[in-house]
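Undergrad: Here's the letter readout for the chains.
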Amino acid sequence: MRARPWMFTDFCREGKMIAAFYTASAVAIIATILMLTRVNAVHALLHLIVSLLAVAVILFDFGAPFAAALEVIIYAGAIMVLFVFVVMLLNLGEAAARAERALLKPSAWIGPSILTLILLAEFLWLLGHGVAPAVQVVSQGPVEVGMALFGPYMLGVELASMLLLAGLVAAYHLGTAKSPRSEATHASHS
Amino acid sequence: MLGLLWLVPAIPFAGALWLAVVGPRLRERAVAVIGTGSIAAATIVSLLIGAQFLSSPPASGAYTQTLWTWVGVGTFQPGIAFYLDALSLVMVVVVTFVSFLIHLYSTEFMHGDEGYSRFFAYMNLFVASMVTLLLADNLLLLYLGWEGVGLCSYLLIGFWYKDTVNGIAGQKAFIVTRAGDTAMAVGLYLLFHNLGTLRIQDLMQAAHDHWAVGSPLAVAAGLLLLGGAVGKSAQLPLQTWLPDAMAGPTPTSALIHAATMVTAGVYLIARTHVVYELAPAAQFAVAMVGILTLLMAGCSALTQWDIKRVLAYSTISQIGYMFLALGVGAWGAAIFHFMTHAFFKALLFLASGIVIEALHHEHNIFRMGGLRKELPVAFWTFLAGGCALAGLPLITAGFYSKDLILWSTANSPIGGALLWVGGLIGVLFTSLYTFRLIFLVFFGDVKTPVSHRPGMTMGGPVMVLAALAIIGGFVKGSFETLMTTALPPFHEAGLGVSELVSSTVAGVAFALGLVVAWYIWVLHPALADQAVEFSGGRLLHRFWFSDWGMDWLYDRLLVRPLVWAATINKNDVIDSIYDGIAAVTTTFYRAASLTETGKLRWHAAWIAGGTVVTLAIVMLL
Amino acid sequence: MTLLLLILILLIGGVLAWAAARRSASAARWIALIAVLADFFITLNLWISKPAAGAGRWITEADWAWIPQIGVRFHLAVDGLSLLLLLLTFFLGVLSVLASWREITDAVGFFHLNLLWILAGIAGVFLAVDLFLFYFAWELMLVPMYFLIAIWGHEDRIYAAVKFFIFTQLSGLLMLIAILALFFVHHGATGVYTFEYEELLNTPMAPGAAMWMMLGFFIAFAVKLPVIVLHTWLPDAHTEAPTAGSVVLAGLLLKTGAYGMLRFVLPLFPDAAHAFAPVAMALGVAGILYGAFCAFGQTDLKRLVAYTSVSHLGFVLLGIFTWNSLALQGAVVTMICHGISTGALFIIAGAIQHRLHTREMGQMGGLWAVVPRLSGAALFFALASLGLPGLGDFVGEFLVLLGAYKQSILLSVLATVGVLFATFYALKLVQRAFQGQNTFNWSVPDLAPHEGLVMAVMIVALLWLGLYPRPVLTTFEPVVAQLEQLPAGR
Amino acid sequence: MLPIREGFIVAGILFTLGVVGVLVRRNLLFVLMSIEIMLNAAGLAFVIAGTRWGQPDGQVMFLFILAMAAAEVSVGLGLVLELYHQFKTLDTDAISRMKG
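If you're matching them up, the sequences are chains W, R, G and C in order.
Take the first sequence: its letters are residues 13 to 202, numbered as in our numbering.
Take the second sequence: its letters are residues 16 to 636, numbered as in our numbering.
Take the third sequence: its letters are residues 550 to 1039, numbered as in our numbering.
Take the fourth sequence: its letters are residues 84 to 183, numbered as in our numbering.
If we strip away everything but chain W, and leave its shape as in the complex, we get (with noise of 0.2 Å):
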């Protein structure tokens, strides 16, 4: 391993680290609970970004603190102001809250959620059975995986700008459909 210089990860590498995780993660879990029982669609965005944050802080964990970063400036910071900006646009007030609390009923989750439960235990029977012993953490900066993303994954940079490309004309259409033509319609519907 070549030398490298001091990073804020050697201070975790003790039993902090692991306490940390736990936490993060009890924290993502909680949040997302919280997020989907929510009726009140910002307390559940808020929830989200809280689960995000905590997601964020495991990655860190595990030793990826250029994943942990762009979690939180792209995941936390961009999608969901994005998310937050749509739902103020929308402004579903508290008639959609109450309808939202009707359509809730405790008879809805049952089924969906034995489901989810048999696809958990068969993730947890799986996980059982592979061997992943507790490894020492050797971090991967933004070097190697830079170095990662425009080595093998040249083609995959490529695509992934096509997608956003794409993202971008599609929100863009989107955005602007409500412009003099969809009016133009509207007028001559009404």
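Just so you know, the hints here were simulated from the structure itself, not pulled from any lab data.
Some hints could be false.
[To be verified] Here are the simulated distance ranges between beta carbons:
1. W:Val54 - R:Met634: 34 to 44 Å
2. G:Thr551 - R:Gly89: 49 to 59 Å
3. R:Glu495 - G:Thr988: 51 to 61 Å
4. R:Val633 - G:His703: 53 to 63 Å
5. G:Val778 - R:Asp570: 28 to 38 Å
6. R:Val633 - G:Val778: 52 to 62 Å
7. W:Leu58 - R:Glu611: 35 to 45 Å
8. G:Ala614 - R:Gln80: 26 to 36 Å
9. G:Leu1002 - R:Thr500: 46 to 56 Å
Note that the structure is predicted; figures quoted are calculated from it, not measured.
Even glycine gets a Cβ: it sits at the ideal position worked out from N, Cα and C.
Since the structure of chain W is provided, determine the placement of chains R, G and C on it from the hints.
TA: Just chains R, G and C now, kept in the frame of chain W:
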């Protein structure tokens, strides 16, 4: 002269073709001239050939004329070839002569009928096929003539097609005869397969060489050919079609269902006599068929009220006599009886035609009466025919031929006392129903006035036939010797009943029948009805009237179930298999489309379910 | 070269007819008629000039390389069997064009294109001696037939057309698999890639494989020659097709099935075919009896005639698999005469439908007085179909039965009973449609001159085949000799 | 010494919670949010795997998932707005025109 043999079938065939194509446009007179002329020409040619044949018989006693090979495949080489020997000569001469008389008769009888040319076309086609049948050198050509006459009988029975009953009667006749023909066809396959040829003379020779007497193949062949003969000659068990065949015009009944076609079976058995000599069991079967039909038809004839049906049953009974003669080995006697029967039965039918025409198509004999003075021509000729049929001793031809049969039945090794007695009872029945007919129709008081008297073209043939019915018998001696050239002579054995004894006994039976008939239907007309009154009599009467219930039996046993099953299976049960397959696929499709509820959550749930199942499989395997 | 000409004339004639139709319908009809007549005379002179002179197996050949890489050659050849069937094809082709002279009024051009292309496909099937080309022609023949039924058909023509298409297409695929299997087995044995019929003839192969390949071919031909269980497409297709369609369908398409068996199933897999023979013969006899039984139950005139084809082709199947000279000759004669007699019955049925606008026999009755010449012709052909001696069908059926008797007495007797059943439906046809009272008091015109000509030609043909079939028999002689030499032949 | 297996368990739990969210919630927004969770859980699993083998590939895959999630959200929310504009409701069960 013999070279013109091919003209005998060719001229009527050409006449038929010409009338079928051009006929409808010709006037009635022209059609009559062509129709009758062609048959007259055929008769003259056959008479000339007969004369030359008798005066200077060819060396081997037979003359063969081959026109062209019909079907040529490997060893199977049947040709369109004609074979003339004494047997076929007599048959052809009688058939052509009687046909000519009947054609002459029907020119006037069918006068005014809108299908006039069609009638003569069919009649000519019939004569052509009958002559082909008689002159056929090989069994395949015989089969062609055989089916041809069956076809013409179908066409002529259903001639007045406007009335569906006639159509159905024609259909019935054709189907029943073809049922017999299938048996005959199988017989042909058997003969060809085992003996390698269908040429009759070679066949007989091969049978003689290869088959021992009583060999199962010979018996099978004999029975199969008997099946064909029984179908065509309306013998037991396929006789149900002949009474219904009376739906056709009377000249047809006279020609086809009395004189010629129905005796085709007799000719077939006579022609293939070697097979029967090799198979005594089959020959005995022929005798049994003969005797049983003889008696059954005799009884049924007693109960009929339609003049033509009485004559129809009497035809079945007389052919029973011919089969009996064939069965006991008296080949010559059978042919002799064929000749005399052709004359007097045609006569009876034509005379009854005059009677029917005179009483505006009245068929019921109980509504006729006292025509003795009204229609003298019909009466005297009918009387002559009737006596010939019943067998008035010494004068009529019928007596000689029937007596010959009875005598040979008594004296033949196969026959015996039982068959002889049966024959005698038959004579009694015959004279009984004949004189019943004569007394009811011609004696007593006139019940329906006579409107139309027959002209010369109807009276002439009837009188000629009457003459033949009388003098026909005297040629017995020379006829016998002529027959021996083609058919094996009759060899006496058994009871040794002399000629004189059997003829006197027959004469007594005839007289008894005459007296009883006179007593019942002239002196005490009411007696017949009383006889039927008491319970047994009514049942018996109905039973005999419906031809011993056989027609009813066939209808219930064969016709109804087949028709019912066919209508049930109209849209083809096998088709339902494929409709079934189509239905199954549609149900699957419909079930699959139910899962398309359009709700997002359901789709997500299906996906999740799918992953669960796949993981489960991963886990388990 | 003449063989290629035969097909080209038809293909080009079809296109020309279609083009000409824009100007005038009768122009299209005349072009079609001339094209088929030309083909008929070419084949006729081919037949008359050298009836059985063919030195080797073929009378004449036309052979070009088509796709050399996989051994496919554009190889057309004629021997006794295919020459006779070609003659029948063009004979019925001319008559079907004549028969639909007045009946087809809409899209006449496209109709004649389809008709001529079917005939080209059928001629291709009879001529092709390269299996690849054979399969190509087999499919080519199918598509225009589908259009013919689907566009110019009667009431539920789409159902009938689709059913016909599925049945034939599916079985065609089985044959394709069998061809390819044979192709590769041959390569395995000899290392040569070829679809050439003569080379594929005696490829050594395992009996099991041979049986499967034989069945592949057999089922494809069994659907076309309607063997009893696979026959249900036939009544629908025949009833719904226009007259020309029915005539071509009954007269020719059924014969391609029988031809296929004689050309491919028997020679290519002699031992397998020999082992399979009893089953096929039993199927044939079952077909005869069941076909006749169903025909007897029908009330629709065309459906009745369609079922009679099932019965008659049962004889052909019986004849083919009896495998002796008598039965084989009988099978070919039956094929030809059935083509003519059933073709004629369909023309008559078409004429009646054209006049009365109904096929239900219940509504006919008493037509003899109204249309005597048409009824007379119908009677003649009904008698031909019930196997009256003196007409062609009888000669064929008698030979088949005679040959079958050598093989198995029971089957031959049952088949003869089948002939008796034939009487039932033929007489029912005549009785129900033409005799009896004119209850619906029809008054319709009798046969038109051109229809009369068609009828007369067919009557003469049947009488000639019935009384003097030797020319047909001698033409087919060499092929029978070849078939008999096969190891399994007796 | 980080417990890899527990890491995967957490990812699994998060993923299943996402699935429950998708199945239960009728509101389209909540469905989208649950999908985000599922994506996130998958990303986490990839990173943990990467760390387990000491390869940067896990993080590269995570990066791609991020890119995909971003594109998906932008389009998804665009559609949500369009849908809301059309149907005036976000209840997925109501919007079920695509019936079989």
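Undergrad: Does 28 to 38 Å hold as the CB distance between Val778 (chain G) and Asp570 (chain R), or does it fail?
TA: About 33 Å separates the Cβ atoms of Val778 (chain G) and Asp570 (chain R), which means 28 to 38 Å holds.
Undergrad: Starting from the range 34 to 44 Å, see whether the pair Val54 (chain W) and Met634 (chain R) falls in it by beta-carbon distance.
TA: holds (41 Å)
Undergrad: Does the beta carbon distance between Ala614 (chain G) and Gln80 (chain R) stay inside 26 to 36 Å, or does it fall outside?
TA: Hint violated: Cβ distance 58 Å, outside 26 to 36 Å.
Undergrad: The hint says 52 to 62 Å between Val633 (chain R) and Val778 (chain G); measuring C-beta to C-beta, is that right?
TA: violated (45 Å)
Undergrad: Could you see if the CB distance from Leu58 (chain W) to Glu611 (chain R) stays within 35 to 45 Å?
TA: Between Leu58 (chain W) and Glu611 (chain R), where Cβ atoms are some 37 Å apart, the hint holds.
Undergrad: Just tell me: holds or violated, for the beta carbon distance of Glu495 (chain R) and Thr988 (chain G) against 51 to 61 Å?
TA: holds (58 Å)
Undergrad: Could you see if the CB distance from Val633 (chain R) to His703 (chain G) stays within 53 to 63 Å?
TA: holds (58 Å)
Undergrad: Using the Cβ atoms, figure out if Thr551 (chain G) sits within 49 to 59 Å of Gly89 (chain R).
TA: For Thr551 (chain G) and Gly89 (chain R) the Cβ distance comes to about 32 Å; the hint is violated.
Undergrad: Do the beta carbons of Leu1002 (chain G) and Thr500 (chain R) sit within 46 to 56 Å of each other?
TA: Holds: the Cβ-Cβ distance is about 51 Å, inside 46 to 56 Å.
Violated hints, listed in ascending order, are 2, 6, 8; each of the other numbered hints is respected by the structure.
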